[in-house]
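Participant: Next come the chains, spelled out residue by residue.
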Amino acid sequence: MTELATYNFAYLDEQTKRMIRRAILKAIAIPGYQVPFASREMPMPYGWGTGGVQVTAAVIGPDDTLKVIDQGADDTTNAVSIRAFFQKTANVRVTTKTTEATIIQTRHRIPEAALQAGQTLVYQVPIPEPLRFLEPRETETRKMHALEEYGLMHVKLYEDIARHGHIATTYAYPVKVEGRYVMDPSPTPKFDNPKMHNSPALQLFGAGREKRIYAIPPYTEVVSLDFEDHPFEIQTFSQPCALCGAKGSYLDEVILDDKGGSMFVCSDTDFCEDRQAEGQLSANPAEAAE
Amino acid sequence: MYVAVKGGEAAIRNAHKLLADRRRGDRSVPAIGLEQIVEQLALAVDRVMAEGSLYDTELAALAVKQARGDMIEAIFLVRAYRTTLPRFGYTKPVETSLMAIERRISATFKDLPGGQLLGPTFDYTHRLLDPELAGDVAVEVPERRVESHEQTPRVTDILGHDGMIESDGDMPEGADTGDLTREPLSFPLERDLRLQALARGDEGFLLGLAYSTQRGYARSHPFAGEIRIGEVEVELEVAELDFPLTLGRIRVTECQMVNQFKGSSSEPPQFTRGYGLVFGQSERKSMSMALCDRALRARELGEDITAAAQDEEFVISHSDNVQSTGFVEHLKLPHYVDFQAELDLIRRMRSEHERRHTENNGTQEAAE
Chain A
1 MTELATYNFA
11 YLDEQTKRMI
21 RRAILKAIAI
31 PGYQVPFASR
41 EMPMPYGWGT
51 GGVQVTAAVI
61 GPDDTLKVID
71 QGADDTTNAV
81 SIRAFFQKTA
91 NVRVTTKTTE
101 ATIIQTRHRI
111 PEAALQAGQT
121 LVYQVPIPEP
131 LRFLEPRETE
141 TRKMHALEEY
151 GLMHVKLYED
161 IARHGHIATT
171 YAYPVKVEGR
181 YVMDPSPTPK
191 FDNPKMHNSP
201 ALQLFGAGRE
211 KRIYAIPPYT
221 EVVSLDFEDH
231 PFEIQTFSQP
241 CALCGAKGSY
251 LDEVILDDKG
261 GSMFVCSDTD
271 FCEDRQAEGQ
281 LSANPAEAAE
Chain B
1 MYVAVKGGEA
11 AIRNAHKLLA
21 DRRRGDRSVP
31 AIGLEQIVEQ
41 LALAVDRVMA
51 EGSLYDTELA
61 ALAVKQARGD
71 MIEAIFLVRA
81 YRTTLPRFGY
91 TKPVETSLMA
101 IERRISATFK
111 DLPGGQLLGP
121 TFDYTHRLLD
131 PELAGDVAVE
141 VPERRVESHE
151 QTPRVTDILG
161 HDGMIESDGD
171 MPEGADTGDL
181 TREPLSFPLE
191 RDLRLQALAR
201 GDEGFLLGLA
211 YSTQRGYARS
221 HPFAGEIRIG
231 EVEVELEVAE
241 LDFPLTLGRI
251 RVTECQMVNQ
261 FKGSSSEPPQ
271 FTRGYGLVFG
281 QSERKSMSMA
291 LCDRALRARE
301 LGEDITAAAQ
311 DEEFVISHSD
321 NVQSTGFVEH
331 LKLPHYVDFQ
341 AELDLIRRMR
351 SEHERRHTEN
361 NGTQEAAE
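Chains as they are written, first to last, in our numbering: chain A, 1 to 290; chain B, 1 to 368.
Derived by calculation from the structure, the hints in this document are not laboratory data. Backbone N, C-alpha and C define an ideal beta-carbon position, used for all residues, glycine too. Careful, some of the hints might be misleading.
Here are the in silico distance ranges between beta carbons for each label pair [to be verified]: (1) A:ASP229 with B:ARG350: 19 to 25 Å; (2) A:ASP258 with B:SER28: 40 to 46 Å; (3) B:GLY216 with A:GLU159: 31 to 37 Å; (4) A:GLU140 with B:GLN214: 27 to 33 Å; (5) A:HIS164 with B:LEU331: 22 to 28 Å; (6) A:LYS97 with B:ILE12: 19 to 25 Å; (7) A:LYS97 with B:ALA15: 25 to 31 Å; (8) B:PRO86 with A:HIS154: 47 to 53 Å; (9) B:LYS17 with A:GLU253: 31 to 37 Å; (10) B:LEU331 with A:GLU253: 15 to 21 Å; (11) B:GLY216 with A:HIS154: 38 to 44 Å; (12) A:HIS164 with B:GLY169: 50 to 56 Å; (13) B:GLY204 with A:GLU159: 34 to 40 Å.
EDC-like cross-link-like pairs, simulated, lysine to aspartate or glutamate; straight-line CA separation at most 20 Å [unchecked claim]: (14) B:LYS332 with B:GLU9; (15) B:LYS332 with A:GLU253; (16) A:LYS17 with B:GLU183; (17) A:LYS17 with B:ASP179; (18) A:LYS97 with A:ASP75; (19) A:LYS176 with A:GLU221; (20) B:LYS110 with B:ASP162; (21) B:LYS65 with B:ASP26; (22) A:LYS88 with B:GLU9; (23) A:LYS143 with B:GLU312; (24) A:LYS143 with B:ASP311; (25) B:LYS17 with B:GLU73; (26) A:LYS156 with B:GLU342; (27) A:LYS259 with B:ASP344; (28) A:LYS97 with B:GLU9; (29) A:LYS247 with A:GLU273; (30) A:LYS26 with B:GLU183; (31) B:LYS92 with B:GLU231; (32) A:LYS247 with B:ASP344; (33) B:LYS332 with A:ASP75; (34) A:LYS143 with B:GLU313.
Please take these sequences and the hints and turn them into a complete structure.
Facilitator: Structure (structure tokens):
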């Protein structure tokens with residue numbers, strides 16, 4: 001039978017990492033531009049973070065400290081699985097603390113705590129093309145980006161307003177990066193969009209199945225698309241987090257019973273736990289829910 | 001009362017333990033061995049090798065066993081292993097006219113050099129369940145011919161002699177054959193990459209598309225010029241040697257479709273080609289591949305692109321079952337952050353709708 005397979009540090013072979021790093025460097029040089037790369041088959045399914053995992057594998061070193069979140073939480077199953085993958089293949093330090101991490105791989109959220117210079121945020125991206133649902137053909141969307149032809153996107157947002165009175169995009173809300181490329185921020189809620197603007201951290205986006213990498217270098221202008229009379233707005237919540245009392249954080253609704261009872265809690269578990277540890281609110285969630 | 005969802009790690013560990021238990025099944029039933037899978041489920045192994053793009057019967061059998069018979073899961077296992085293997089080089093094109101033929105049929109000529117050989121086929125079996133197979137009945141020794149080392153010309157070569165069929169396309173001067181596992185695909189594709197993608201494409205997906213071309217969605221009037229199954233030698237050019245090195249033999253299925261083409265002002269009327277080549281024994285897949293290949297040549301042949309099977313970006317972007325299954329199944333992952341955002345918006349729009357409604361009623365009453 002075949003010999004027991006052995007794998008390189010962080011799973012990918014060095015040539016593959018070099019190829020990915022070259023794509024990352026190009027992506028950083030052209031903020032918001034989707035760089036094609038020869039994405040590999042990974043030992044987890046496409047659509048489950050293979051792009052983010054490849055980017056992380058290409059940039060991680062033995063001295064890094066890794067945090068992995070999904071839906072803002074460190075303990076969701078896929079985050080647990082990806083963290084375990086890097087512990088196994090790279091034996092790196094892992095953490096749930098946003099402030100301690102040098103690399104944070106995320107799906108669907110940006111941490112609440114402001115990121116610092118030197119940190120890298122790696123996004124898992126399902127559909128990197130912001131124009132994909134307006135134009136399914138890659139050959140066409142490539143042209144539209146090249147010609148900076150983004151009228152279609154504005155028409156879509158306008159039609160939302162005409163039909164619903166609002167821009168009806170709540171997540172994966174398109175942004176313009178450094179005044180040039182329209183970019184998909186990955187399916188993060190639009191609540192997180194302002195955090196991308198002028199962030200001191202490096203933001204890398206990996207789409208494995210679609211074979212694209214793109215980036216926002218530190219201190220880059222990231223503007224959510226809008227209209228003068230319909231300015232971009234983020235979600236607000238009418239109540240604070242039931243566990244830590246936070247007011248400006250993104251909340252998940254947790255269903256408590258089948259009679260319409262629910263409570264709102266921070267989606268960023270590290271942020272919430274930190275606040276609870278600081279004694280921000282009665283630690284009795286049951287009481288808070290009532 | 002809300003209990004934070006913790007312990008994902010333990011849950012995953014336990015789920016995988018249960019999976020291993022179910023995979024083994026009833027312990028009083030002997031475990032299935034890889035040799036049994038290779039020998040007795042050979043076509044499953046062939047499909048895993050073909051769509052996994054790795055010719056290794058033992059690894060494919062292991063994948064089938066590990067995947068509990070789920071073919072796409074097995075293909076995925078093989079792909080994820082294959083991608084870690086170093087590349088030593090690219091072999092020479094296999095010479096299928098030198099194939100050690102096990103089966104070879106042509107639907108276009110009653111008899112032809114090399115003859116028609118039915119070989120091990122399900123064709124003409126009556127699909128009646130055979131209760132005897134539930135046990136281990138003795139199987140007769142089959143008739144065998146003496147292996148011939150004569151070259152068996154392909155039907156397309158025979159047709160090609162008098163120009164009845166277009167020549168087999170050449171790569172442009174100086175062009176290297178692409179490798180879709182090493183470079184990201186960029187549409188439009190050349191035929192080399194398209195054939196690679198089709199060769200590893202999902203059998204069911206390609207079968208459906210091929211069928212659609214027969215039902216009028218990009219009809220190409222195909223004839224199964226030839227299907228041959230057998231072993232071919234794989235040769236590698238090594239820099240230090242002035243002859244190619246034979247690495248071994250692999251079993252492949254080749255299908256050459258012969259399709260109509262009217263010709264043009266510059267080209268005399270001649271048949272056109274659709275090509276299929278698949279690891280192992282799979283006529284269904286190689287025929288589907290050949291029909292899809294022909295349909296996808298619409299642009300090259302100046303045909304109107306009217307149907308899904310002719311649409312290269314559509315076909316190739318969605319033919320890979322490892323990609324498809326990953327993305328379809330990723331909907332199982334939590335999406336509650338985005339769902340919350342949608343909930344919030346719908347609630348807001350509903351309350352605005354209600355407010356407008358009551359306001360309208362109010363003004364109506366006032367007017368009355």
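Participant: So, for every hint listed, does it hold in this structure?
Facilitator: Going through the hints against the structure:
1. Between ASP229 (chain A) and ARG350 (chain B) the beta carbon distance is about 23 Å. The supplied range of 19 to 25 Å therefore holds.
2. Separated by about 43 Å at the C-beta atoms, ASP258 (chain A) and SER28 (chain B) satisfy the suggested range of 40 to 46 Å.
3. For the hinted restraint 31 to 37 Å between GLY216 (chain B) and GLU159 (chain A), the CB-CB distance of approximately 36 Å keeps it satisfied.
4. For GLU140 (chain A) paired with GLN214 (chain B), a C-beta distance near 30 Å keeps the hint of 27 to 33 Å intact.
5. Checked against the given bound of 22 to 28 Å, the beta carbons of HIS164 (chain A) and LEU331 (chain B), roughly 25 Å apart, stay inside it.
6. At about 22 Å, the CB distance of LYS97 (chain A) to ILE12 (chain B) agrees with the hint of 19 to 25 Å.
7. Remark: the range hint 25 to 31 Å for LYS97 (chain A) to ALA15 (chain B) is upheld by a beta-carbon distance near 27 Å.
8. Separated by about 48 Å at the C-beta atoms, PRO86 (chain B) and HIS154 (chain A) satisfy the suggested range of 47 to 53 Å.
9. With their beta carbons about 33 Å apart, LYS17 (chain B) and GLU253 (chain A) fall inside the hinted range of 31 to 37 Å.
10. Checking the proposed 15 to 21 Å range against LEU331 (chain B) and GLU253 (chain A) shows it holds: the Cβ atoms sit about 20 Å from each other.
11. Separated by about 40 Å at the C-beta atoms, GLY216 (chain B) and HIS154 (chain A) satisfy the suggested range of 38 to 44 Å.
12. For HIS164 (chain A) and GLY169 (chain B), the hinted distance range of 50 to 56 Å is satisfied, since their beta carbons lie about 52 Å from each other.
13. As the Cβ distance of GLY204 (chain B) to GLU159 (chain A) is approximately 37 Å, the hint placing it in 34 to 40 Å holds.
14. With a C-alpha separation of about 17 Å, the suggested pair LYS332 (chain B) and GLU9 (chain B) falls inside the 20 Å cut-off, and the hint holds.
15. Between LYS332 (chain B) and GLU253 (chain A) the alpha-carbon distance is near 19 Å, which keeps this suggested pair within the 20 Å criterion.
16. A hinted pair counts as satisfied when its Cα atoms are at most 20 Å apart, and LYS17 (chain A) with GLU183 (chain B) qualifies at roughly 14 Å.
17. The hinted pair formed by LYS17 (chain A) and ASP179 (chain B) meets the criterion: a straight-line CA distance of about 18 Å does not exceed 20 Å.
18. Proposed proximity of LYS97 (chain A) and ASP75 (chain A) is supported: the alpha carbons are some 12 Å apart, at most 20 Å.
19. Taking the CA atoms of LYS176 (chain A) and GLU221 (chain A), the gap is near 8 Å; set against the 20 Å cutoff, the hint holds.
20. For the suggested pair LYS110 (chain B) and ASP162 (chain B), the alpha carbons sit about 19 Å apart, so the restraint of at most 20 Å is met.
21. For the proposed pair LYS65 (chain B) and ASP26 (chain B), the alpha carbon gap of about 15 Å is at most 20 Å, so the pair holds.
22. Among the hinted pairs, LYS88 (chain A) with GLU9 (chain B) is consistent with the structure: their alpha-carbon atoms are about 14 Å apart, no more than 20 Å.
23. Annotation: proposed proximity of LYS143 (chain A) to GLU312 (chain B) holds, straight-line Cα distance about 18 Å (limit 20 Å).
24. For the hint linking LYS143 (chain A) to ASP311 (chain B), the alpha-carbon distance of about 18 Å falls within 20 Å, and the restraint holds.
25. Restraint check: the Cα-Cα separation between LYS17 (chain B) and GLU73 (chain B) comes to about 18 Å, which is no more than 20 Å; the hinted pair holds.
26. Straight-line distance between C-alpha atoms of LYS156 (chain A) and GLU342 (chain B) comes to about 17 Å, which keeps the hinted pair within the 20 Å bound.
27. For the suggested pair LYS259 (chain A) and ASP344 (chain B), the alpha carbons sit about 19 Å apart, so the restraint of at most 20 Å is met.
28. Proximity of LYS97 (chain A) to GLU9 (chain B) is assessed by CA-CA distance (about 18 Å); at most 20 Å being required, the pair is judged to hold.
29. As the CA atoms of LYS247 (chain A) and GLU273 (chain A) are separated by approximately 15 Å, the hinted pair is consistent with the 20 Å bound.
30. At most 20 Å may separate the alpha-carbon atoms for a hinted pair to count; LYS26 (chain A) and GLU183 (chain B) meet this at roughly 16 Å.
31. Proximity of LYS92 (chain B) to GLU231 (chain B) is assessed by CA-CA distance (about 15 Å); at most 20 Å being required, the pair is judged to hold.
32. Of the supplied pair hints, the one linking LYS247 (chain A) and ASP344 (chain B) holds, its CA atoms being roughly 16 Å apart against a limit of 20 Å.
33. The hinted pair formed by LYS332 (chain B) and ASP75 (chain A) meets the criterion: a straight-line CA distance of about 16 Å does not exceed 20 Å.
34. Restraint check for LYS143 (chain A) and GLU313 (chain B): the C-alpha separation of about 15 Å stays at or below 20 Å, so the hint holds.
In summary, this structure violates none of the numbered hints.
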